[in-house]
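Novice: For chain D, the structure is supplied; the task is to place chain G on it using the hints.
Each chain, written out:
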Amino acid sequence: MDRRTAIQKLIVLSGGVLIAPDVLKAWNNPVVHNKIFSRPDVALLAELAEVIIPTTDTPGAKEAGVAEFIEKIVADCFRKDKALEFQAGLKNFDELSAKQLGVNFVDADSDDKMKATLAAAQRAKNHLTKNDEFLLTMKSLTVAGYFTSEIGCTQALRYDMAPGKYVVDYPYKKGDKAWAD
Amino acid sequence: MNLNTESVKKNTFDAIVVGSGMAGGWAAKELTEKGLKTLVLERGKDVPHITGYPTAMMRPWDFEHRGRLNQTMLDENPVIARCYAYNEGTEHFFVKDTDHPYVQEKPFDWIRGYQVGGKSLLWARQVQRWSDYDFEGPARDGYAVDWPIRYKDLAPWYSYVEKFAGVSGNKDGIPHLPDGEFMPPMELNVVETHLQQKIAQKYTDRQLIIGRAAHLTDPQKVHLDAGRGQCQRRDLCYRGCPFGAYFSANSSTLPAAAKTGKMTLAPNMVVQSIIYDDRKGKATGVMVFNKATQTVVPYYAKVIFVSAAALNTNALLLNSTSARFPAGFGNDSGVLGQYVGFHLYRARAGAEIDGFDDKYYLGKRPSGLYIPRFRNVAKQETDFLRGYAISGSAGRAGWGRHVEGFGKDLKDKLTEPGPWSIYLQQMGETIPKATNFVSLDRDQKDAWGMPLLKTNIGYDENDEKQTKDFLAQAREMLTNAGFKNIWAVDSKQSPGLDIHEMGGVRMGKDPKTSMLNEWNQTHACKNVFVTDGASMTSMGTQNPSLTFMALTARAANHAVEEMKKGNI
Chain D
1 MDRRTAIQKL
11 IVLSGGVLIA
21 PDVLKAWNNP
31 VVHNKIFSRP
41 DVALLAELAE
51 VIIPTTDTPG
61 AKEAGVAEFI
71 EKIVADCFRK
81 DKALEFQAGL
91 KNFDELSAKQ
101 LGVNFVDADS
111 DDKMKATLAA
121 AQRAKNHLTK
131 NDEFLLTMKS
141 LTVAGYFTSE
151 IGCTQALRYD
161 MAPGKYVVDY
171 PYKKGDKAWA
181 D
Chain G
1 MNLNTESVKK
11 NTFDAIVVGS
21 GMAGGWAAKE
31 LTEKGLKTLV
41 LERGKDVPHI
51 TGYPTAMMRP
61 WDFEHRGRLN
71 QTMLDENPVI
81 ARCYAYNEGT
91 EHFFVKDTDH
101 PYVQEKPFDW
111 IRGYQVGGKS
121 LLWARQVQRW
131 SDYDFEGPAR
141 DGYAVDWPIR
151 YKDLAPWYSY
161 VEKFAGVSGN
171 KDGIPHLPDG
181 EFMPPMELNV
191 VETHLQQKIA
201 QKYTDRQLII
211 GRAAHLTDPQ
221 KVHLDAGRGQ
231 CQRRDLCYRG
241 CPFGAYFSAN
251 SSTLPAAAKT
261 GKMTLAPNMV
271 VQSIIYDDRK
281 GKATGVMVFN
291 KATQTVVPYY
301 AKVIFVSAAA
311 LNTNALLLNS
321 TSARFPAGFG
331 NDSGVLGQYV
341 GFHLYRARAG
351 AEIDGFDDKY
361 YLGKRPSGLY
371 IPRFRNVAKQ
381 ETDFLRGYAI
391 SGSAGRAGWG
401 RHVEGFGKDL
411 KDKLTEPGPW
421 SIYLQQMGET
431 IPKATNFVSL
441 DRDQKDAWGM
451 PLLKTNIGYD
461 ENDEKQTKDF
471 LAQAREMLTN
481 AGFKNIWAVD
491 SKQSPGLDIH
501 EMGGVRMGKD
511 PKTSMLNEWN
521 QTHACKNVFV
531 TDGASMTSMG
541 TQNPSLTFMA
551 LTARAANHAV
561 EEMKKGNI
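Here the protein sequences line up with chains D and G, keeping their order.
Taking the working numbering, I'd label the letters of the first sequence as residues 1 to 181.
Taking the working numbering, I'd label the letters of the second sequence as residues 1 to 568.
No wet-lab data here; the hints were simulated from the structure.
Since no wrong hints were added, every one of them can be taken at face value.
Taking lysine-lysine pairs in the BS3-like style, the calculated list, with each CA pair at most 25 Å apart, reads: (1) G:408 / D:174; (2) G:9 / G:282; (3) G:364 / D:174; (4) D:177 / G:408; (5) G:364 / D:165; (6) G:379 / G:465; (7) G:413 / D:62; (8) G:465 / G:106; (9) G:512 / G:526; (10) G:202 / G:468; (11) G:34 / G:163; (12) G:302 / G:280; (13) G:484 / D:173; (14) D:130 / D:82; (15) G:413 / D:177; (16) G:526 / G:282; (17) D:174 / G:484; (18) G:408 / D:125; (19) D:115 / G:408; (20) D:99 / D:115; (21) G:364 / D:177; (22) G:413 / D:115; (23) G:96 / G:106; (24) D:173 / G:364; (25) G:359 / D:173; (26) D:165 / G:171; (27) G:484 / G:202.
A quick note: this is a predicted structure, and the numbers were derived from the prediction, not measured.
Extracted from the complex, chain D is given alone in its bound form (with noise of 0.2 Å):
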């Protein structure tokens, strides 16, 4: 049976509609919904992450929604001593951003958010603040966020949900994409 057999014959077998993801609901995930970040804390995780992961011949991180994905995270599936802790590094990078630049974060142009980006890494280098950690937190989750979106799955990298095959000796050469999860 090939690749496209398979997969009609799947959607005949499951009633012509693949199976909605609310279905999950009725199975026993519990979810917890903690509220841990304003709106104007989404508005600077958004910019950070699009510094982190910028728009370039693909679509960035804001356009992906990694923002969305980081504030679902770190209050759903954090710790909530940890998730508090992320909130207060986010807090004094804005600050510590603002005293450097002159202007808050959101505001400044895209040099300017890179030079306070590379600043707070450095900081957190010489573990000269108390979050020291929280701009690796967020870089992973970013980088995360990114590449497990649809965004980031179908244009940054290259999404087969069925290769129906695993070929080995494929031929690469440097500038083809990686596959996605």
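Specialist: Coordinates of chain G only, in the frame set by chain D:
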């Protein structure tokens, strides 16, 4: 009186199967296909094939948390949280530690999947046959008791279950890892092939092959007729496969049993004990806690198959006490619950390699490389008993790797695949001992009236030596093959996380030292069969499910023959 007779009749079957997973599914299929009206009792919820896999077709961005689980939940369920396959896409197939307590007298990570299909939805799908080098192990090396069977007894049943399950593999001609009924093998990628060649050049005692996996690479009529199709190389197997491309009870054996019209599948039914009738000198049925009605109800049958998962089977037998069996069902020997073993998964190794930058792969292969056991195979050679197989895989790093910096440069680098690396996992044989045992805590019961299981299962000196040897050998093989940044670590993880717990109700020739005969039949009560991992006399190094499947099909065939002869 009349009413009572009616209800007994309603609750009476030809056969009862306890558990609906890897072994139970096979018992259900074989017994119903041979004409027996069979009740399959499953403690967990129903998981119908396809519609019971809510996450199977979800894309990464369809998950609310992109696969992550709530940290509080992980903290509250520390055992299950350690399982590599546990995430937002699969968590509904695992129990919560909080719902299903047990007592760890020694640390033991008990990973459980309580639902129709059991852990057959969650297994790694690797299916290697045992050989006589495994069956003869206890007799040769002087531990446990001799197996009452040899490879020739099981070989036709391996073939039988492989043809139905569908197994991909290469005919490698390795004496201690017999070839089976194979569909085309999965493929080794370029770095795995490189290691394969380097091992072949350097060593005469070992060989790297592609794992034999229960995936349809060339579905046959028996599979297509059952609605099963070609493996799509998605590697999302733990969510349940809507293509039916890997073997699970849900996709394969249970539908076959249902098709006969002879199966009654009853989820949410916790079997508490086996009923023994002193007058008849045999088991007459089981006592069941019905979760829906919250009542305990008896069910009756001529023959009972216990395949509830290794440690659950132990618990059920230990809890089935009677005047005849005060120490647990069939436990004349006193060995019930003892000689539990597992697979030694403590150590792993890995490395990176240069020189394959112009190579990649397409697709996600749901299998990996496999190095069959090479220590002490034909004779004793080292200062430890038995040995270990190695599983693993190579691939190029993805976006999760560490790259310095921020901005366009970071993004560009992470959109490309990273360096090649390889990963090797120890899969060692442990020696079953009386001192590795499970028992019941008579003072504490779970929500369904079962005494809690207590685990006393730990590592021994042999395990330590074997682990050290793996670390040295893995390092040596990777060094010889030109890998760099080699690491090799002993995780010191607890037993159990291998999810290959076995034994406690072992087979053997002598009723004085074993629980089951050569047909997985209780020595002391011939109409009760135990065919899951609990029945294993020794552990081998192979992923065990294939052997449970073959034992179950063989035992079911024997049970029906014995019933026809009037012996059961």
